[in-house]
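Undergrad: Residue numbers (this note's numbering), protein chains in the order written: chain P, 1 to 411; chain A, 412 to 558.
Treat the hints with caution; some may be incorrect.
Claimed, not checked - Simulated crosslink set (DSS-like; lysine-lysine; CA at most 30 Å straight-line):
id: 1; chain 1: A; residue 1: Lys462; chain 2: P; residue 2: Lys274
id: 2; chain 1: A; residue 1: Lys542; chain 2: A; residue 2: Lys442
id: 3; chain 1: P; residue 1: Lys274; chain 2: A; residue 2: Lys451
id: 4; chain 1: A; residue 1: Lys542; chain 2: A; residue 2: Lys451
id: 5; chain 1: P; residue 1: Lys187; chain 2: P; residue 2: Lys300
id: 6; chain 1: P; residue 1: Lys274; chain 2: A; residue 2: Lys477
id: 7; chain 1: P; residue 1: Lys389; chain 2: P; residue 2: Lys187
id: 8; chain 1: P; residue 1: Lys300; chain 2: P; residue 2: Lys331
id: 9; chain 1: A; residue 1: Lys415; chain 2: P; residue 2: Lys274
id: 10; chain 1: A; residue 1: Lys550; chain 2: P; residue 2: Lys273
id: 11; chain 1: A; residue 1: Lys417; chain 2: A; residue 2: Lys550
id: 12; chain 1: A; residue 1: Lys462; chain 2: P; residue 2: Lys273
id: 13; chain 1: A; residue 1: Lys417; chain 2: A; residue 2: Lys535
id: 14; chain 1: A; residue 1: Lys477; chain 2: P; residue 2: Lys273
id: 15; chain 1: P; residue 1: Lys238; chain 2: P; residue 2: Lys48
id: 16; chain 1: A; residue 1: Lys415; chain 2: A; residue 2: Lys550
id: 17; chain 1: A; residue 1: Lys550; chain 2: P; residue 2: Lys274
id: 18; chain 1: A; residue 1: Lys498; chain 2: P; residue 2: Lys208
id: 19; chain 1: P; residue 1: Lys48; chain 2: P; residue 2: Lys30
id: 20; chain 1: P; residue 1: Lys344; chain 2: P; residue 2: Lys187
id: 21; chain 1: P; residue 1: Lys208; chain 2: P; residue 2: Lys331
id: 22; chain 1: A; residue 1: Lys550; chain 2: A; residue 2: Lys498
id: 23; chain 1: A; residue 1: Lys498; chain 2: A; residue 2: Lys417
id: 24; chain 1: P; residue 1: Lys274; chain 2: A; residue 2: Lys442
id: 25; chain 1: P; residue 1: Lys273; chain 2: A; residue 2: Lys443
id: 26; chain 1: P; residue 1: Lys273; chain 2: A; residue 2: Lys451
id: 27; chain 1: P; residue 1: Lys273; chain 2: A; residue 2: Lys442
id: 28; chain 1: A; residue 1: Lys550; chain 2: A; residue 2: Lys419
id: 29; chain 1: P; residue 1: Lys187; chain 2: P; residue 2: Lys240
id: 30; chain 1: A; residue 1: Lys535; chain 2: A; residue 2: Lys418
id: 31; chain 1: P; residue 1: Lys385; chain 2: P; residue 2: Lys187
id: 32; chain 1: P; residue 1: Lys245; chain 2: P; residue 2: Lys385
id: 33; chain 1: P; residue 1: Lys241; chain 2: P; residue 2: Lys389
id: 34; chain 1: P; residue 1: Lys48; chain 2: P; residue 2: Lys245
id: 35; chain 1: A; residue 1: Lys550; chain 2: A; residue 2: Lys477
Hints in this document: simulated from the structure, not taken from any laboratory.
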Amino acid sequence: MERDVAIIGVGMIRWGRYPDPKQLDVFPDKTMPEMAVEAIAKALSDAKISWRQVEAMVAGVYLWVNQQAGIHGILSGTAIANLMGYTGIPIVSVANACATGQSILREAALAVASGECDIALAVAADKSAFGFFRPQSTDGRADIDYMRFVMCGETNPAYWAMECRRRMYEAGTTEEDLALVKVVTSKPAPYNPYARYQRSFTLEEVLKSPIVCDPLRLYEICSTSDGAAAVIVCEYEKAKKICKKPVYINAVTVGTPTFGDPTVRLTYLSSYKKPGVPSLSESRNAVERVYRMAGITPDKIDLIELPDNSSWHYLAYLDCILNLNPGEPEKMLRRGDLDPITGKIPTCPSGGIGAFGEAVVAQGLAQVCELVWQLRGEAGQRQVKKEVKYALAQTYGYAGNNAATILSKGW
Amino acid sequence: MTEKVKKKVPIVEGLFTWPSDQPALIASRCKKCGAIVFPKATYCPNPDCEKNSQNMETVQLSRVGKLWSWTIQYYPPPPPFKMEPFKPYAVGMVDLPEGLRVLGMLTTTENLRFDMEVELTVGKLYEDEEKEYITWMWKPVEKACKK
Numbered sequence: 001m002e003r004d005v006a007i008i009g010v011g012m013i014r015w016g017r018y019p020d021p022k023q024l025d026v027f028p029d030k031t032m033p034e035m036a037v038e039a040i041a042k043a044l045s046d047a048k049i050s051w052r053q054v055e056a057m058v059a060g061v062y063l064w065v066n067q068q069a070g071i072h073g074i075l076s077g078t079a080i081a082n083l084m085g086y087t088g089i090p091i092v093s094v095a096n097a098c099a100t101g102q103s104i105l106r107e108a109a110l111a112v113a114s115g116e117c118d119i120a121l122a123v124a125a126d127k128s129a130f131g132f133f134r135p136q137s138t139d140g141r142a143d144i145d146y147m148r149f150v151m152c153g154e155t156n157p158a159y160w161a162m163e164c165r166r167r168m169y170e171a172g173t174t175e176e177d178l179a180l181v182k183v184v185t186s187k188p189a190p191y192n193p194y195a196r197y198q199r200s201f202t203l204e205e206v207l208k209s210p211i212v213c214d215p216l217r218l219y220e221i222c223s224t225s226d227g228a229a230a231v232i233v234c235e236y237e238k239a240k241k242i243c244k245k246p247v248y249i250n251a252v253t254v255g256t257p258t259f260g261d262p263t264v265r266l267t268y269l270s271s272y273k274k275p276g277v278p279s280l281s282e283s284r285n286a287v288e289r290v291y292r293m294a295g296i297t298p299d300k301i302d303l304i305e306l307p308d309n310s311s312w313h314y315l316a317y318l319d320c321i322l323n324l325n326p327g328e329p330e331k332m333l334r335r336g337d338l339d340p341i342t343g344k345i346p347t348c349p350s351g352g353i354g355a356f357g358e359a360v361v362a363q364g365l366a367q368v369c370e371l372v373w374q375l376r377g378e379a380g381q382r383q384v385k386k387e388v389k390y391a392l393a394q395t396y397g398y399a400g401n402n403a404a405t406i407l408s409k410g411w
Numbered sequence: 412m413t414e415k416v417k418k419k420v421p422i423v424e425g426l427f428t429w430p431s432d433q434p435a436l437i438a439s440r441c442k443k444c445g446a447i448v449f450p451k452a453t454y455c456p457n458p459d460c461e462k463n464s465q466n467m468e469t470v471q472l473s474r475v476g477k478l479w480s481w482t483i484q485y486y487p488p489p490p491p492f493k494m495e496p497f498k499p500y501a502v503g504m505v506d507l508p509e510g511l512r513v514l515g516m517l518t519t520t521e522n523l524r525f526d527m528e529v530e531l532t533v534g535k536l537y538e539d540e541e542k543e544y545i546t547w548m549w550k551p552v553e554k555a556c557k558k
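With the hints as constraints, model all of the structure from the sequences given.
TA: Structure (structure tokens):
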């Protein structure tokens, strides 16, 4: 990048369901712009700067509930600025599905790296808790998502389950391995005040949970949640002056698929396979680029936040992130190498998306928030036990979106 | 049961040949590079190929393929999906000789095996007073039948 960029402040609200009629004291009614404002206020307070100092903003756009809240339901960035108070700054609204969080971090970092401004904010909020896993139109001719849903009955977990079953066949992944993912990722969940489900699970509990789309069980699939997060980035030399522990952004990028990838990714009805093109290429492309930008190799990564939307995701994305053969992540998991606190490569110390639930556009930023707290040594009882040089966050999104970030200590 | 046979119509038109005794999926093929797309597309998806709609021809895909993977969906998906009455069903991904991997429901949840041969057919998801609404489905082929 032209100018170096660091993170000077992060903030998020607790993931949950706003409002949750059964726990209104914990999850009261909040609109999406309100959730975004809360996350921004926390990030500003963390960075000890004022809203007036923010020179550019990028907002993650949530696409699925606009019928409930009109323009605020898609969370246009200016709807948030209206609540914060208009200051005339450039604001851009971005939709890259579940990869939106780090896609907007990239836009904010590029705004600073290019010299357009010195301080930029990425913010995302969304209300996924009431469900979004279905097409949003009834256009039978042009909406491919409608076609896959009504013609094939393919739900999101069904897609994950098909990939998972083939992995079990090819790599020897066992039902216990799948359950173990939840056991391991949920270990730190009781210590994360921002997680929706602040509890851990036993192997027996997971294996006894009902099968949703076999081979995947209920506790092996994440829920959908509401959530909001904000990250403030700053030109690195300036960041060192205004903050004690600026977190250096080594690289942040977005990946999309390669033509010929055999993956029939969500919303699509088919794929056209070409020899030599790997599956999940959007993830591999993002990860490969983020390593190249940072000038490091996968063996240098000390800490990972990945999209554990299901137990299959956890294993498949470890393949992509660490450049492993299917079956190797399973062995590492069994050996304890991936323990979120004590492992050789702690993975998902936040508790992961399993503990948070999927708040589609915000989760990529939540991962970054966790890495920032971990690098600054502020993660409390879930603080990883090893010295962390490089930390990586990666999120995939339906329909061919992906994003990845590498961070390190900037002090 | 005593009523006359209702007309079968696809839920979404244009995805497979119908009416037909041997329904086939309808795809586009690029005359320049051979890339195949399902459902039909106006432009070739090959990044190195020119974006000229004249290059795309309509083709019918092979009716027999190999089951790459599958799952059984145990809960009813929310609308707009509709199946009456609901019962758990299998969804699979099928590898066709053209190099395409295609999604689709399966006609059964029983005795499914990796890489088994499956054949294209149609099945009903729901009906109203006048019509039965159908989609394409993959049906296991009992014995390998190569044509």
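Undergrad: Are the Cα atoms of Lys417 (chain A) and Lys550 (chain A) separated by 30 Å or less?
TA: Roughly 22 Å between the alpha carbons, so the hint for Lys417 (chain A) and Lys550 (chain A) holds.
Undergrad: Between Lys273 (chain P) and Lys451 (chain A), does the CA-CA distance stay at or below 30 Å?
TA: holds, 17 Å
Undergrad: Given the hint that Lys273 (chain P) pairs with Lys443 (chain A), does the C-alpha gap stay at or below 30 Å?
TA: holds, 17 Å
Undergrad: Within a Cα-Cα threshold of 30 Å, do Lys389 (chain P) and Lys187 (chain P) meet the stated pairing?
TA: Given that 30 Å is the threshold and the Cα spacing comes to 23 Å, the pair holds.
Undergrad: Measure nothing beyond the straight line between the CA atoms of Lys498 (chain A) and Lys208 (chain P); if it is 30 Å or shorter, mark the hint as holding.
TA: holds, 22 Å
Undergrad: Between Lys550 (chain A) and Lys498 (chain A), is the straight-line Cα distance small enough, at 30 Å or below?
TA: holds, 17 Å
Undergrad: Holds or violated: Lys273 (chain P) with Lys442 (chain A), Cα cutoff 30 Å?
TA: holds, 17 Å
Undergrad: Quick one, are Lys241 (chain P) and Lys389 (chain P) close enough, alpha carbons at most 30 Å?
TA: Given pair Lys241 (chain P), Lys389 (chain P) holds - Cα atoms ~22 Å apart, limit 30 Å.
Undergrad: Starting from Lys300 (chain P), check that the Cα of Lys331 (chain P) is at most 30 Å away, please.
TA: holds, 20 Å
Undergrad: Next pair to validate is Lys535 (chain A) with Lys418 (chain A); report whether the Cα-Cα distance is within 30 Å.
TA: With Cα atoms ~11 Å apart, Lys535 (chain A) and Lys418 (chain A) stay inside 30 Å; holds.
Undergrad: What's the verdict on Lys550 (chain A) and Lys273 (chain P), does the C-alpha distance respect the 30 Å limit or exceed it?
TA: At roughly 23 Å apart (the allowed maximum being 30 Å), Lys273 (chain P) and Lys550 (chain A) satisfy the hint.
Undergrad: Does Lys442 (chain A) sit within 30 Å of Lys542 (chain A), going by the straight-line distance between their CA atoms?
TA: violated, 38 Å
The structure does not agree with the numbered hints 2, 9 and 29 stated previously, though it agrees with the rest.
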